[in-house]
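> The residues making up each chain are set out below.
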Amino acid sequence: MKRDFEKDKKDMVVVEGSYAVASAVKSCRPNVISAYPITPQTHIVEDLSQFMADGEIPNCEYIMVESEFSALSALVGSSAAGARSYSATTSQGLELMHEVLFNVSGMRLPVVMTVANRAVSAPINIWNDQQDSISQRDTGWIQLYAEDTQEVSDMTAQAFKIAEDPDVLLPVMTCMDGFILSHVYEPVVLLDDDLVAEYLPPFEPEFKLDPKNPKTFGAFADPNSYTEFRFLQQQAMNKALKTIEDAADEFYDLFGRYYGGLIDTYETDDADIVLMAMGSIVGTIKDVIDTLRAKGVKVGLLKVRSFRPFPVEAIHNVIKDAKVVVALDKNISIGLNEGALFTETKASLYNTKIDVPVIGFMIGHGGRDIPVETIENIIDEAKKVIDSGISVESQFTDLKEELL
Amino acid sequence: MKSLLAPGHRGCAGCCDAMAAKFTLMAAGEDCIVVSPTGCLEVMTTPYPESSWEIPWIHSLFENNAAVASGIEAALKAKGEMGNTKIIAMGGDGATLDIGMRSVSGAFERGHDFTFVCIDNEAYMNTGVQRSGATPFAASTTTSPSGTVSFGNIRPKKNMPAIIAAHGSPYIATTSIGYPKDMIRKVKTAVDVEGPTYVHAHSPCTTGWGFDTSKTVEVAKMAVETCLWPLYEMEDGEITKVKKIKNPKPVEDYLKMQRRFKHLFTKEGGDDFIKQIQALADKNIEKFGLQ
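These protein sequence lines are chains W and V, in that order. Counting the first sequence from 1 gives a position; our numbering is that position plus 10. Counting the second sequence from 1 gives a position; our numbering is that position plus 1.
In short, the hints are calculated from the structure, not lab data. Each residue gets a CB set at the ideal place from its N, CA and C atoms; glycine is no exception. Mixed in with the good hints, there may be bad ones.
Just the calculated beta-carbon pair ranges, DEER-fashion [stated by the list, open to error]: (1) W:N361 to V:A7: 46 to 54 Å; (2) V:V194 to W:I134: 38 to 46 Å; (3) W:Q60 to V:V194: 32 to 40 Å; (4) V:Q277 to W:F217: 24 to 32 Å; (5) V:E236 to W:P197: 51 to 59 Å; (6) W:Y262 to V:E236: 53 to 61 Å.
Taking lysine-lysine pairs in the DSS-like style, the calculated list, with each CA pair at most 27 Å apart, reads [unchecked claim]: (7) W:K17 to W:K296; (8) V:K222 to V:K288; (9) V:K257 to V:K158; (10) V:K80 to W:K222; (11) V:K159 to V:K189; (12) W:K222 to V:K3; (13) V:K263 to V:K242; (14) V:K245 to V:K257; (15) V:K216 to W:K225; (16) W:K20 to W:K296; (17) W:K218 to V:K189; (18) W:K218 to V:K3; (19) W:K222 to V:K189; (20) W:K218 to V:K78; (21) W:K249 to W:K393; (22) V:K288 to V:K245; (23) V:K78 to W:K222; (24) V:K245 to V:K182; (25) W:K222 to W:K308; (26) W:K393 to W:K333; (27) V:K257 to V:K189; (28) W:K394 to W:K296; (29) V:K159 to V:K288; (30) V:K222 to V:K276; (31) W:K296 to W:K333; (32) W:K225 to V:K80; (33) W:K225 to V:K189; (34) V:K245 to V:K158; (35) W:K12 to W:K305; (36) V:K216 to V:K257; (37) W:K218 to V:K80; (38) V:K245 to V:K284; (39) V:K158 to V:K80; (40) V:K78 to W:K225.
Given these sequences and hints, build the entire structure.
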């Protein structure tokens, strides 16, 4: 993370994470917002509603839909008609959008949506994990995960820039841990409208629904052409790898804040143990690393910012010289007993010459707290792998035996 | 009036969808944007890289065309590009009465300035003639087949115009592709009225209903002439105009034209069902003052 805190200090305000996101959306000058309220995303849509009520978002229509399904469907129409389009959701709402998610990316519509990550039913649970967005990983959306409220605010502007890049034209999900980031009040520098205007040009798509120049959107594709649409989506994801990094670099040049492009690293240069994680947990991990480094333990952090596209090369460059890699996941693929970050990192190493053991831990489901001790215990397990090899590849941790 | 649906579409001979789309575009003119759900119309008019639409057209999913139309209207308003552009969502009966119901209801409740045209061919035709909420009483479909103990679909049609009326739509009309001038006039009225308006077009399907491809218009007219499909207009929830039927024809004349009602004439006990269908027509005569 590169950031001039001294310079930022004078502009800092203490606001709720949701407000920071809503304010960032406002600065990005959206034309259409469409959303349905759902905890813990609610405060974002409430703040945007208040901005609308106070006339603070000019040239914008806010559609109060009857469901998340229609929220994203409305943005299919608005984005295709050339409007910068935004939504926010979480958990069950995101699941309800599932069919539309494929449609938005398949039609190459650069919609931006904040996901306030939350567990999914059943059992019903409103607290944070990342099962909701991870479950949507194959829908063709770019997925970015934020560490703190400042990052998710700044990431909002980056997301529009990435999505609307003519080489990319893919929707972007900016993921923030529900409650942990959405409801926390902390010092933030809100996006400056003039700087955002400089950073983010108006959305002017090459093709749109226009009676003066009629086009057909969302046509029917038979086996003769369908594959090529998928190939082109994948190609756009490949191009996004660079666009995401460029968007972060350009943001740093203008705003002086940087959180990594596809990934970020902390103390990894000489690390024997590299922990991998996404979202707010990386803050806790950094604290643990500070403590252990003081004791001479060579441990570092690889923060994955972009889960889709999955930055294989960037990850390999960081972990290739480690003695053990530990992926921490707030999600699970039930039936494989693995979290997504673990599965994908491990899979990406097969057929390479990088020979590093990878283990996984599934933590923090349904809002279960992840204390420093849990991270320390996980690092102890990693040390054992260095000494005696892998005994368990992937596991839950801190289970309450009395409930099983 | 210029036809803005190119003649190169791949609809069946005698296709009601093609007629409904053509009449709708004749009424709306060039300055319109059409949203279609998944269904026959989408498949037969847009096999990539071809398109029959000479106006901007979008298809998203089966159940969301009213929501997509909402977004288009919002986009044009936000960007100051609305002008006189007409936004039309067209949907089959499945997309309108069944799977798309919530999306349609939401768009009408929110009061978007758009027109919804329901092309009602009374079943899911694109996937092989399965029952929908618009399938009439005693019709045999592949999921409500007549059989040794069944006389086909056991429920009457869902009354979609009444449901839309309950949303406070300023203009609602029923029409039939058997009456092109009527349909064009009503769609034109609907697109010119500000707010969410609705046109429900009865549209016989040659393959799904089982009649000769040359008879689409004839069958459509017979539904109206037997009073099984009354043509009326509603303004602000009140019926304002009704097409009178001076000498209603017996429902048998309509039913016997179609394979989907064949069992009523061949199975023992079919007479009773025909009587029940006649009672539905008689009720329409009374309710809508058709005579």
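> List in ascending order the numbers of the hints, as given earlier, that are violated by the structure.
4, 13, 15, 21, 25, 27, 39
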